[in-house]
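Enquirer: If you want the building blocks of each chain, they are given just below.
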Amino acid sequence: DVKVTQSSRYLVKRTGEKVFLECVQDMDHENMFWYRQDPGLGLRLIYFSYDVKMKEKGDIPEGYSVSREKKERFSLILESASTNQTSMYLCASSVPPGQENTEAFFGQGTRLTVV
Amino acid sequence: AQTVTQSQPEMSVQEAETVTLSCTYDTSESDYYLFWYKQPPSRQMILVIRQEAYKQQNATENRFSVNFQKAAKSFSLKISDSQLGDAAMYFCARKGGNTPLVFGKGTRLSVIA
Chain Z
357 DVKVTQSSRY LVKRTGEKVF LECVQDMDHE NMFWYRQDPG LGLRLIYFSY DVKMKEKGDI
417 PEGYSVSREK KERFSLILES ASTNQTSMYL CASSVPPGQE NTEAFFGQGT RLTVV
Chain C
62 AQTVTQSQPE MSVQEAETVT LSCTYDTSES DYYLFWYKQP PSRQMILVIR QEAYKQQNAT
122 ENRFSVNFQK AAKSFSLKIS DSQLGDAAMY FCARKGGNTP LVFGKGTRLS VIA
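So the protein lines, in turn, are chains Z and C. Numbering-wise (the working numbering), the first sequence opens with residue 357 and increments by one. Numbering-wise (the working numbering), the second sequence opens with residue 62 and increments by one.
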């Protein structure tokens, strides 16, 4: 069974803390993504990666960075957490376009609260 | 920016009835994919149905079918014989040649017993 696993389901952090959200996939997918989900705004892309050591900014990268040292792992980093980063974070992975089943597979989400 | 628009923030349907969720999109690409995802209260995003833009035939998965109008850039989801378990947020999404998924803002579907 296809699996994308996010390290935490719920997380509470203090303002100014450095926060790491981890995501691991076991499908040998090249592509990995981090989205943020807020009510009324849908899912917005933060960062994505099409290969190890590679990263691209999405639509809302400010205040975030990412790391992809291994193919199966894609980490989202909040350098200095702020209350406006309180949100649901979703990780996803997929094969490159042109291959079968090019849809994204999602983790279960991390609900982050910054206090 | 290439966008996906879901014009219905909330919808409701009686159990066993049919409901259609609307989606329009903007793209300059000729080759792309369209998806409907379901997000129940568990928060797990589940793929409902996919459509390749080059295919004329509308995709169907059991009680779920789409009406894909390429010229109008419209991709609606029809749910037949609605069940209580269909209650969820539904997201329409588009993926280009080598671009990530772009999502609409979602439609919350309630199913009334």
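Calculated from the structure, these hints are not laboratory results. Treat each hint with caution, since some may be false.
[What the hints assert, rightly or not] Simulated pairs of lysine-lysine, DSSO-like, Cα-Cα distance not exceeding 30 Å:
| # | chain 1 | residue 1 | chain 2 | residue 2 |
| --- | --- | --- | --- | --- |
| 1 | Z | Lys359 | C | Lys139 |
| 2 | C | Lys116 | Z | Lys359 |
| 3 | C | Lys116 | C | Lys131 |
Enquirer: Hint by hint, note whether the structure agrees.
Expert: Going down the list of hints, with the structure as the test:
no., hint, verdict
1, Z:Lys359 <-> C:Lys139, "holds, 28 Å"
2, C:Lys116 <-> Z:Lys359, "holds, 29 Å"
3, C:Lys116 <-> C:Lys131, "holds, 10 Å"
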